[in-house]
Structures are given as C-alpha cells and as structure tokens.
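If you use the UniProt record's numbering, the sequence shown corresponds to residues 1 to 255, in order.
The set of hints was computed from the structure by calculation and includes no laboratory data.
We put the CB at the ideal spot given by N, CA and C, even for glycine.
Keep in mind that a hint or two might mislead.
[Unchecked claim] Restraint-style ranges between C-beta atoms, simulated for each label pair: (1) A111 / D9: 43 to 49 Å; (2) R115 / G12: 23 to 29 Å; (3) K210 / K183: 42 to 48 Å; (4) S175 / R115: 33 to 39 Å; (5) D112 / A51: 26 to 32 Å; (6) D112 / A81: 30 to 36 Å; (7) R182 / R73: 34 to 40 Å; (8) P217 / G46: 18 to 24 Å.
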Amino acid sequence: MAGNNGLFDLSGRAALVTGAAGGIGSAVAQALATQGAAVLVTDVNGDAAAAVAEKIVGNGGTAASFALDVSDREAADAATARAAELAGGTLHIVVNNAGVTDPHMFSDITADSVRRLLEIHTMGTFNVSQAALPYLPTDGTGRIINVTSSAGIVGTLGQVNYSAAKAAIIGITKSLARELARKNILVNALAPLAATPMTDTIRTDEKFAKQMLNRIPLRRWADPQEVAGAFVFLATDAASFITGQVLPVDGGMVM
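Just need the whole structure built from these sequences, with the hints factored in.
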C-alpha cells in the first residue's frame, strides 16, 4: 500500500464502474482515472460507455468499455474478468452505480416496476459484487463501493419501489462488509444527490423541486463532479480503516 504521500494515488489499480455512461457514474469513472486507476467503463448503453472511455483516454488516462446489463449474471462475470485484465488479473475497485427510477404513488406502482428496480439496483449490486470477488485482492486495496440513496435511508414520496431497492443495498453493504473484513476487503456505500438525467423528473417539477430544495440545507443539487470525490476517497488508501458505512453526499439532507 502507498505511503502517506500517496494516499490518493490509484496507479496500478483497476476499477469497474457500472452505469457509467453519464451522470454520477461517468464523473466517478473519470475521477478514478485522474488518480491513476485503469477503469472499465460499463453501461447497458455500450456506445455511451465507449464514449466515456474514449474521453478518459483522450485526457491521458487508461480505460476500456463494456456493454453491461447488471441484472445479467453471465454478463457481470465477463465484465469483471475484463476489468481485471486491465491490471494483470486483479480488480481492485468495484463501483455499483447502475440504476433507474420509476416514480409513482404507491397505489399506482405495479409489481413489474418493483421487480425491475430490484433486478437492476439490488440484484445488479449482488451480481457484480459476487462476480468480482475472485479478482479482489486481500492486501487491503480491495474495495466495493455501492450506491444507495436518501430514499433508502429515510424514504421518499412516490418511490416505494426505489426506496425498497436502495434500502436493500444498505443491507448488502453492511453484511458484506462484515463478511469480507477477514479478507481485508472494504465495503461501503454512498448516498449521493446530484443533478443527473435520473433526477430530471424531480428537478423539472416545480412543486416537487421546491419541496426537495427545502429539505437540502445547502439549497441546491450537486454537480456529479462534486460527489465523485467521495468515491475516490473510499477507493484509496486514505479510507483504509473505513468499512460498512453509508455516507450521504447530499448537501446535509440526511443528518
């Protein structure tokens, strides 16, 4: 592991980021590459993932792309193997960011909607994490970073399906952190709140947007680049004694 002068240096390490074609995932992939990681940019939209990887390479970083549906376990196996190839067979950092939303009041939510969100958020996190396990090192550099939400911590109006999926990720994070601690693999989760295509519906509804801003002490949404630093922190040696935690990066909304 790096010394104090290299706490945030990820050189020689491989990272896999899901849902990285845009928004938070893209910002995280680029931030990890800036710190020296070789990044596999994955997304269900393979062309968009390739564009992000090309941007990283154009800026002097190391990256490749992979079209990945995280609900497909065989695809997750192939993606983690590909990511490990970027660093000689070892995958150091997994960021489970892929997700969708389907807001409806509870009376209108369908069983299919619930299943879809659980498949992508919850089973997606399970699939990629389990597929990555054989490639994660036990020298203290292995990281699994999951993405949950304030909706999974305190709930939110009109998103019982999304809240359930995100709350399940918190359970996965804490249980897996306990299990993998014996292997020196750290597992944490972040609950970010940023202006992304996923939050467009909320931010463009004047009434709901105002209600949301009133819940955020900083009175604004973050830019994806603002939350990416928290992911980098948890991926580096600076966070070598942190595991099983859920960190809100939400302008103080959950405190």
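* Out of the numbered hints, which ones does the structure contradict? -> Checked against the structure, the hints that fail are numbers 2, 4, 7 and 8, while the rest are satisfied.
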